[in-house]
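Student: Sequence:
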Amino acid sequence: SLKETLATPDFPVQCLIGSGGTLNAVGAMAMALRKEAYGSVHGYEVLRSEVVHLLAMLERKDARQRREITGLSPERADIIIAGVTLVDELMRFFGANLLRINERGIREGLILKSLDDLGLMEKREARRDWRTVVQEFARSCHSDEGHAETVRDLSLQIFDGTAALHGLDERARQLLEAAALLHDVGYFIDYAKHHKHSYHLIRHAGLFGFTPREQEVVANLARYHRKSLPKKKHDNFALLSAEDQQLVRQLGGILRLADGLDRCRSGNLERITAELTGKTCTLRLAGKGDLGVELYGGQSKSDLFEEAFERKLVLALVKN
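Residue numbers for the sequence shown follow our numbering, so the first one is 731 and each next one is one higher.
By construction, these hints were calculated from the structure, which means they are not laboratory data. For glycine and all other residues, C-beta sits at the position ideal for the given N, C-alpha and C. A hint or two may mislead.
Restraint-style ranges between C-beta atoms, simulated for each label pair [to be verified]:
hint, residue 1, residue 2, range
1, Leu959, Gly939, 24 to 30 Å
2, Asp920, Ala893, 45 to 51 Å
3, Gly825, Tyr1026, 54 to 60 Å
4, Leu850, Lys961, 16 to 22 Å
5, Gly876, Gln1029, 35 to 41 Å
6, His783, Arg1014, 24 to 30 Å
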């Protein structure tokens, strides 16, 4: 039987991955209970304890009340208890504490397999990392690849040089890198308000390798690379937790500054070294040619950095 076959797995099961309408509903309801509102449940993670509490909540409600639950489509209200019970039992059976939602379904898989069988699918490596996916999406939006890579390099140099100031981890660094590569994709829609267009494009891009929360953070970083600073009256910023709001301020301050430091889109600025003294952060800039415009661009976009890190920022040119 299936129970006997699965009773002794060859390895401990830490996470279950599920797809289909019931699993999508579990993710959407859990997201609503957390008062989160991301653009997708793809990659969303739900704890076993949340599944248990969700099932108990559903069992206390009648069919009419279940139809009013945020995240649950009314037509699924009659069958959702059975579905969540199955999810709960599977997690209990395997001893898994984490459920990850896969928004893609069997239909998508069958369509892709049929296209592949007909030779209509582009041949590519089976595994793609998040960086490749980000670069492919940027190219699909006809983003200025040279500028994006320069801003990425400058952002990461600032991030590494100010590590003692922010204490952020490697995953935060990767989110910054993704945002730097994608910050201008909104040009694909229109130059005017392209930072806002970037936010919406990234939020709904379904980027492989990022959880819905991480994708929301990346989208917000792109949103604030120009114009207004983050404000709690902004709906996109208000959706974030207090911790993620601070993360967006800090990483956004770095991205915004790096974008200003490539104002000419020339790539002339090559190296940034940081020095932290008291309430001052000094960034020394080195490169080729006249860096006067880059210096001006950085100074004009240092506002969020200074606000997020509560430091006065000094930019200084140094000769090679």
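Student: Next step is simple, just say for each hint if it's right about the structure.
Tutor: These are the hints, each one checked on the structure:
1. A hinted range of 24 to 30 Å for the beta carbons of Leu959 and Gly939 is consistent with their spacing of about 28 Å.
2. Checked against the hint of 45 to 51 Å, the pair Asp920 and Ala893 fails, with Cβ atoms roughly 37 Å apart.
3. A beta carbon spacing of about 59 Å between Gly825 and Tyr1026 agrees with the range 54 to 60 Å that was offered as a hint.
4. Leu850 and Lys961 have their C-beta atoms about 47 Å apart, which leaves the hinted 16 to 22 Å range violated.
5. A beta carbon spacing of about 23 Å between Gly876 and Gln1029 contradicts the range 35 to 41 Å that was offered as a hint.
6. Remark: the range hint 24 to 30 Å for His783 to Arg1014 is contradicted by a beta-carbon distance near 53 Å.
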